[in-house]
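Participant: What follows is the residue order along each chain.
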Amino acid sequence: MALDLATMRHGTTLLKRGFAKMQEGGVIMDVVTPEQAQVAEDAGATAVMALERVPADIRADGGVARMSHPQLIRGIIETTSIPVMAKARIGHSGEARVLEALGVDMIDESEVLTPADPFYHIPKDEFSIPFVCGCTSLGEAVRRIQEGAAMIRTKGEAGTGNVVSAVQHARLVDEEIRFLQTCDSAAHETAIAAIVDGYRGLEQKSVLGVKLQQTPFGTIEQCEAGVREVVEEVRTLGRLPVVTFSAGGIATPADAALLMQHGLDGIFVGSGIFKSEDPTTTAKAIVLATHHFSDPDKVVEASEMMAKPMSGLELEDLDVRYEDRGS
Amino acid sequence: MVRIGLVMLQGARHVHATALKRAAEQAGVELELHELRTDADLFACQPEAIVLPGGETTTMRLTGGAEGSGLLPALFAWMRADPTLPVLGTCAGVILLADPQDGGEPLIHSSIDRNAYGRQQDSFQAELGISGVGDSNTFPGVFIRAPRFADISAKDKIVATHQEEVVGVRNGARLALTFHPELSDDPTFHRWLLEAALLRATA
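Protein chains in written order, with the working numbering: chain A, 1 to 327; chain B, 1 to 203.
Honestly, the hints are just simulated from the structure, not real lab data.
Certain hints may be false.
Covered by chain A, according to a simulated footprint, are these stretches of chain B (three or more residues, beta-carbon under 8 Å) [stated by the list, open to error]:
1. 8-22
2. 52-59
3. 125-134
4. 141-150
Each residue gets a CB set at the ideal place from its N, CA and C atoms; glycine is no exception.
Could you build the full structure based on these sequences and the hints that come with them?
Facilitator: As structure tokens, then:
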């Protein structure tokens, strides 16, 4: 049936945040082939992240990591009936435009890829499709939402099979939300200033004493007004105003249950599935544990299904910490 | 007091809870909201009305199917046992009602296609025409990777249309909407569910 497009609104904030809400309680899995996308869908994933290499391989290979080849993403889009996400480099609007034109359902502006802009993320309100962005703290989360992110995930430390960073980020965001809800107005103003300072990286690089006028998201005053608006929403709700997932290092059903118990809305699993011994079973087990995170018997059942999980890395041994990219 | 069972398998569940609470306040109804994850939750709750939220049906069928928590087959049997039980299914919820895949009869007569508008960039908001629910004849529609009715059965009543197309049907007390009333600020459909449940309890 032909639709009159003129009376239909596309790409609104409500549609973007609404899309993320449909992912609640779900597991989003990294896949590198259409066959893996099918395995993910059959195991109960709510979406797949289409990639050339999972984070563990990106880490092992080194070099500059970029957006995946369009052919690969297209192949996965054509195979699976669930939503397809893909990663763009931080601040790389050019890659994001390619992903938008390809028809991916959500863009992950991801620190797992090599950042393209050391100072700014992508102005996400200018796009018709939603973005998910990583955070290590409340300030990062607020800046990303102010820039138009429709979904937040903890950064964790991708490709390690080690959840320690994901737990740290979840705890810090929680604690900082509670702080904002109870602090006095002087502390509140200090917090706002600290969050807005995150936009002043470029200014700090100048030896000419340049005062920053413009960011990709408007003037610095407009950014501050946006930050205040998001902080107000956070204080009222006692949580981030967008769906918040955990990511980075989740490798077992118990890892997934742990992060869900921290109050996250769902789970991204990157290397944890297809770097494990039996990916099909790992995928099913992590979905089961995510769904029944508060029922220890079900998490036992999920854990028993598992063969060997991916091997893990100590964070001290890493050459590159992805979590430090793009604050 | 009204006892509502909210299906918690996966998806936009918390916005439905918020919408139900707001509708209950507006209607002056005391709401008892029960989260349904397993068949045991259903039997313990004995809901007077049911909400099936949007999300991914592929996931819901796995987590709630006979091999999973067993909620879906139990829930479909529960609905079939009493056609007067008010049900609100949105988006993915409509797919489950039209195609329960448990070997039993569908819960609505019309048939449905998944993701039939296209991808997320084709998701849209538009004003809808509604009839037979609430006092207004328009409603702010929010469609996210929405399904589309493939065939409208004459046995279902049309409750919502977008342009020429049917986007909501009713089979007795079961309401199936391809859009997301829980994302609009308009509590019409949630209020309808509460009031239908109250009416049935006092009948």
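Participant: Does each hint fit the structure? Answer for all of them.
Facilitator: We went through each hint and held it up to the structure:
Closer than 8 Å: that is the beta-carbon criterion, and the region 8-22 of chain B has 8 residues meeting it against chain A, so the requirement of 3 holds. Given a C-beta distance limit of less than 8 Å, the hint that chain A covers the region 52-59 of chain B holds, as 5 residues qualify and 3 suffice. For a cut-off of 8 Å, the count of residues in the region 125-134 of chain B with a CB near a CB of chain A stands at 3, and the three-residue condition holds. Counting residues of the region 141-150 of chain B whose CB lies closer than 8 Å to any CB of chain A gives 3, which reaches the minimum of 3, so the coverage claim holds.
Comparing the model with each earlier hint shows no violations; every hint is respected.
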